[in-house]
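> In case you want the letters, here they are:
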Amino acid sequence: MINYLARRIAISIAILFAVSFAVYLIFAILPFDPAALTCGKSCNDPGIIEANRKRLGYDLPIWTQYVVFLKGLFLGRTFGEGAATIFCPAPSFGYSFQEHACVTNSILEALPVTLSLAIGALVLWLILGVGLGIVAARYRGRAADTGSTIFVLIGTSLPTFLTGLLLLVFVVVKWRILPYPSGNYTPLFENPLEWLNTMILPWITLAFAYAALYTRFVRNAVIETLSEDFIRTARAKGLSEKVVLRKHTLRAALAPLTTMAGLDFAGLLGGAILTEAVFNLPGLGRLSLGAVVDFDLPIIVATTILAATIVIFMNLLVDVLYAFIDPRVRVAA
Amino acid sequence: MFKIKAGSSRRGRRAFSGVVALSLLTGVLVSCSSSSGGAGGTLTFLTNAESWTHADPNRNYTGQHIAWFGSFMHRTLTAYARAEGAAGSEVVPDLATDTGRSSNGNKTWEFTLRDGVKFEDGSDITCEDVKYGVSRTFATDVITDGPTYAISMLDIPSAADGSSVYKGPYKADGNDTAAYDKAVTCSEDNKTITFNLKRAVGDFNYTVTYLSFSPVPKAKDTGDQYDLAPVSSGPYKIEKYKAKDEMVLVRNESWSKDSDPIRNAYPDKIVVRFGVAEEVRDQLILNDSEPAAFSLDAVLPTNLATVFNEDGTPKEEWQGRALNVYDPYVTYTAVNVGKVPCVQIRKALYYARDFAALLQLGGGPAFGGDPADGVIKPLMGLDYKPVTGLEDFKPEGNPEKAQALMAEAKTACPDVYAKATGPGLTFDVGDTDTNKKSATIWIDSVKKNAGINLKFNFIEPGQYYAVVLDPTKQGDLSRAGWGPDWANASTVIPELFLEGAGFPLSRVGKDPAYAEFKQRAEANLFEPDRAKQGAEWAALNQYVMDQMWVIPGVFSKTQEIWGSKLEGIFFWEPQGAPSFGDIKVKS
Amino acid sequence: MSFLEVSDLRVEFPTSDGLVKAVDGVTFTVERGETLAIVGESGSGKTVTNLALMGLLSKRGSRISGSAIMKGDAGNLELIDLADEQMRKIRGKNIAMIFQDPMSSLHPYYTIGDQIIEAHQVHNEVDIEVSTARAIELLEMVGIPDAANRLKAFPHQFSGGMRQRVMIAMALVNSPELLIADEPTTALDVTVQAQILKLLRELQSELKMAIILITHDLGVVAGAADRVNVMYAGKIVESAPVGELYANPLMPYTHGLLASIPRMDRGHGKRLSAIAGQPPSLIALPAGCAFAPRCNFTERVGGGPDRCKSTMPALTEHTPGHFARCHLEGAAL
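Residue numbers (my numbering), protein chains in the order written: chain A, 1 to 333; chain B, 1 to 587; chain C, 1 to 333.
Quick caveat, the hints were computed from the structure, so don't treat them as lab data. Don't take every hint at face value.
Simulated crosslink set (DSSO-like; lysine-lysine; CA at most 30 Å straight-line) [claimed, not checked]:
id: 1; chain 1: A; residue 1: K174; chain 2: B; residue 2: K240
id: 2; chain 1: A; residue 1: K54; chain 2: B; residue 2: K198
id: 3; chain 1: C; residue 1: K89; chain 2: A; residue 2: K247
id: 4; chain 1: B; residue 1: K220; chain 2: A; residue 2: K54
id: 5; chain 1: B; residue 1: K410; chain 2: B; residue 2: K394
id: 6; chain 1: B; residue 1: K171; chain 2: A; residue 2: K71
id: 7; chain 1: C; residue 1: K152; chain 2: A; residue 2: K242
id: 8; chain 1: A; residue 1: K54; chain 2: B; residue 2: K171
id: 9; chain 1: A; residue 1: K174; chain 2: B; residue 2: K565
id: 10; chain 1: C; residue 1: K59; chain 2: A; residue 2: K247
id: 11; chain 1: A; residue 1: K54; chain 2: B; residue 2: K218
id: 12; chain 1: A; residue 1: K242; chain 2: C; residue 2: K59
id: 13; chain 1: A; residue 1: K174; chain 2: B; residue 2: K269
id: 14; chain 1: C; residue 1: K89; chain 2: A; residue 2: K242
id: 15; chain 1: B; residue 1: K182; chain 2: A; residue 2: K54
id: 16; chain 1: A; residue 1: K174; chain 2: B; residue 2: K242
id: 17; chain 1: A; residue 1: K174; chain 2: B; residue 2: K315
id: 18; chain 1: A; residue 1: K247; chain 2: C; residue 2: K152
Chain A with its partners taken away, still in its complex shape:
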């Protein structure tokens, strides 16, 4: 197991280097001139553009630029001269002139927001999705099941953007059930109540869509598992329905959910762009979206690498977790 993990981690790191270089290459090939972007949105003076290109090192070959980037990751990097000097300590992903901040700092600021959003939503949708799914499977064909089917239909067809907007416009603006958040994001440890007030609607918005998918998934998985031979065995042993469902059915039915939840969670950590936009949460999604719109190269590179890291390591985590749940995987690993 240790060997296997070490190998997986080594491969993951190699993939990350490949991803980071690929991102560099892509932006070298794309017909955008980073130098033209640095002298301002409306800059068209070739003299200024060329001077900036030299100053910022965009005239160097892409390989050299990549090496400088890697060096910054381990040693930190200095930008500018004189009073305008900025030092970004390691691990430095560069400096964003759009955000006026070291990229690493921008990401570290956005990460807790996205984490709050993703974790809260995950908990909510797991409770809702798994709960409803089990109830629907247990009372298959009855009112509870029909109700869950309607929920699934609405949840999967309503775009998050709309759910969020409706919640915001009605709950906050029209009915004023919740106060309009004073800031746009309040850290949990600064003011837990305000944090909750800020996050509750985004959680519901995100969880609504995912819970619908999970309800359908769990319902089908439970129904399928209930028809398994080992469930018949459990019943033949004289176990009560409760034990059959909780101990024997759920563990088997929900095992694949680990993979699904893990990857969905990884996807959200890359940024729930729409939800973050509707609720004005300064998370990774908006950071990367803004960076793409502005061609903020250092942020794009960093968020891409971050997203890749998250996906790769969530995969790893899911595999390890799965091995704990399903003993058959342990041996294969």
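Knowing the structure of chain A, use the given hints to seat chains B and C on it.
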């Protein structure tokens, strides 16, 4: 060196402008005379933008931002009067004691600072601070996006690559600081600043209304990061500024009304809430959930009918809470004259397009604006005269006129005719949904009415101007918009059409009509008599339209809404923005 | 009175296509220490009969009538109509069951120790150590070496034959009076089949339990059962002591089943004769003998094929203890 109409950029930026004289077309203005007095309260601004594009005075360029920061935080040597209508276009002293003294044939300008002007830390604002602030404009790799008048006007030589030999205050090696020190000097008492210019600039005291001529204390400068925490010289200072979150301004105790005759500073506190979803932003105001809030962005088209009547006037219950006015912009389609050297074809395009349908896309006449007859807006007063010779214009297109012009073109310029009716003309636009819809209107109407084929080139909006400003990448036609930098068409006609100017999308250098234009336009830049100069700009506007170097679009309009507890708002014409500094919160 | 008396047992499943008569008036008895084999093709009703006895059929999905009285340690019990909770207490304790596929019948996520101990714990209020000792005892009894250590192994770590031994150990952990073995050897190699059947036989004589052996393969019945019930289309069509049935099958269907057993004395190369045709749909059963459409002997019946098609023959005793449901005279085959 120009103000581009930013259109619907992501940051909700609306640019700005200057306007000289009162216009009869000034839409609906709400009077501020009913103010019930009394200062205090918290004034809230709502915006979908994630942050200010810039808060650093040297990097502010859009009219709205200049109006906002100019009202609350950043002072300059001179400023526009805080008044409604034409009176607002008067330049008045701000940090300076007067509106500047010129000598040496308008090549030397002198301003003396008032006594008692201070930064938020209590230190005096000196000539060195203004000089330092202006020097930052030259650090083009750090202090981006701001106007570069200092670079183009100050008497500092250029290096071989065309850039200034002075590179700003951050660079030590190979930087000709002495050249800058020669161009901008301070008096012994550090109170009088002198600007030595390359060429005569008669209205340099308008130029210095730009916040890029604001003072910056050298000790507090952090280069790019000064954008996050600029030091205030105005009535408010930053208590909190966090992108994607909010900005909070509180009173600057070092500021004194005695040394600032133009700022009112009514509210105690000012909050800007960033990143509010567009629909939520509008709903907060439409429901009056935030009665002391002002929306910094344009009203969503779907919400216009809630506030305004069909004719564009505010509904009765919205009187005093909404504005629908002309902004400083003219939209147009620049014809790349070098590639379309045929005035008949250019005119045929003008007459053939279905203008009515295009305007409908932009909100209709009530909200989109009026058909433009040139690049100078009627708001420009002195510089505007209705253009003649366009009497055959019909909003829905005039096929007879267009076809007659095409028949002429067939013999006058057969090559262009063959291209236009064969492979077609290429048309650059930003890649937006609205532009895609307008493209189909253009293609259909121009084909039907003139037999001209169009091929659209959709360009990523963030890259649009970078592409079309590159002559090797620009197509035959390019969408654009322009507003004057200040109330003089010297920031319009020469900027758009002189070779080597700021926004030369029409590429008219090879046109036979260019020689006369060049001679007249350059001469008029130095015309000392403002009335004569205005008349000549109007004549040159007529000249441009006779050649149809651009196909005019609309004199565009903008809409503003705010909560019921706010009053004192009027449209500050020179900045093309609401009078933020005059807003009062009713108690 | 016999240990188990089943009389006129009927199981019907209402479906959207019509009523499926899966078990149609089945009557039989089983004694302690006796093995009754129930033989038939899939769909003949043999498994449903036993699921009905175990109370494992969904009450919502099926209609059950008739009677099944078990005279066991728990007194005289009417298994049909027994309350769920009461049935659960009997299941796994008085009546145990083993299934066809030992891989899918054991829960893949729990160790075999967990599963056997759980079966013991559910019916006995004893310490876990007692149950563990019992599990080891049973594993040794079914011939699993190193039983104490193997408790910690997962099902997938066993071979098919070993898994079935685990299933048997689990079924016998509470010393049931009746063991229902549903195709216990079908999924196993031929040599392993013999071992398992032998094991069952040995355990039966040791524990004095009644066994109902369900199979589609008359071949496995020979050494393993005392008596055979042949089922077809929900009805018992022949019932006889195992030797008598082999020597003297009275029903053409039984004859067909016997003919399809591979036998050493027939020599190689000779094809097995399978019974031509398909079992009838249980929704629209013919009025007469259900086997008639596939029967090669209808011509020999007094009254001809029409009699077979129109009249259902009664289950009649031809020689003492040998019953058959056929219009043919005894020695006609």
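> All hints are to be evaluated individually against the structure, with a verdict given for each.
Against the structure, the hints:
1. A:K174 x B:K240: 29 Å, holds
2. A:K54 x B:K198: 27 Å, holds
3. C:K89 x A:K247: Given that 30 Å is the threshold and the Cα spacing comes to 18 Å, the pair holds.
4. B:K220 x A:K54: 27 Å, holds
5. B:K410 x B:K394: 23 Å, holds
6. B:K171 x A:K71: Holds, at roughly 24 Å.
7. C:K152 x A:K242: 25 Å, holds
8. A:K54 x B:K171: 14 Å, holds
9. A:K174 x B:K565: Status holds; Cα separation ~18 Å.
10. C:K59 x A:K247: 23 Å, holds
11. A:K54 x B:K218: The hint holds at about 26 Å.
12. A:K242 x C:K59: 17 Å, holds
13. A:K174 x B:K269: Given that 30 Å is the threshold and the Cα spacing comes to 26 Å, the pair holds.
14. C:K89 x A:K242: 14 Å, holds
15. B:K182 x A:K54: 27 Å, holds
16. A:K174 x B:K242: Holds, at roughly 27 Å.
17. A:K174 x B:K315: 21 Å, holds
18. A:K247 x C:K152: 18 Å, holds
Taken one by one, the earlier hints all hold for this structure without exception.
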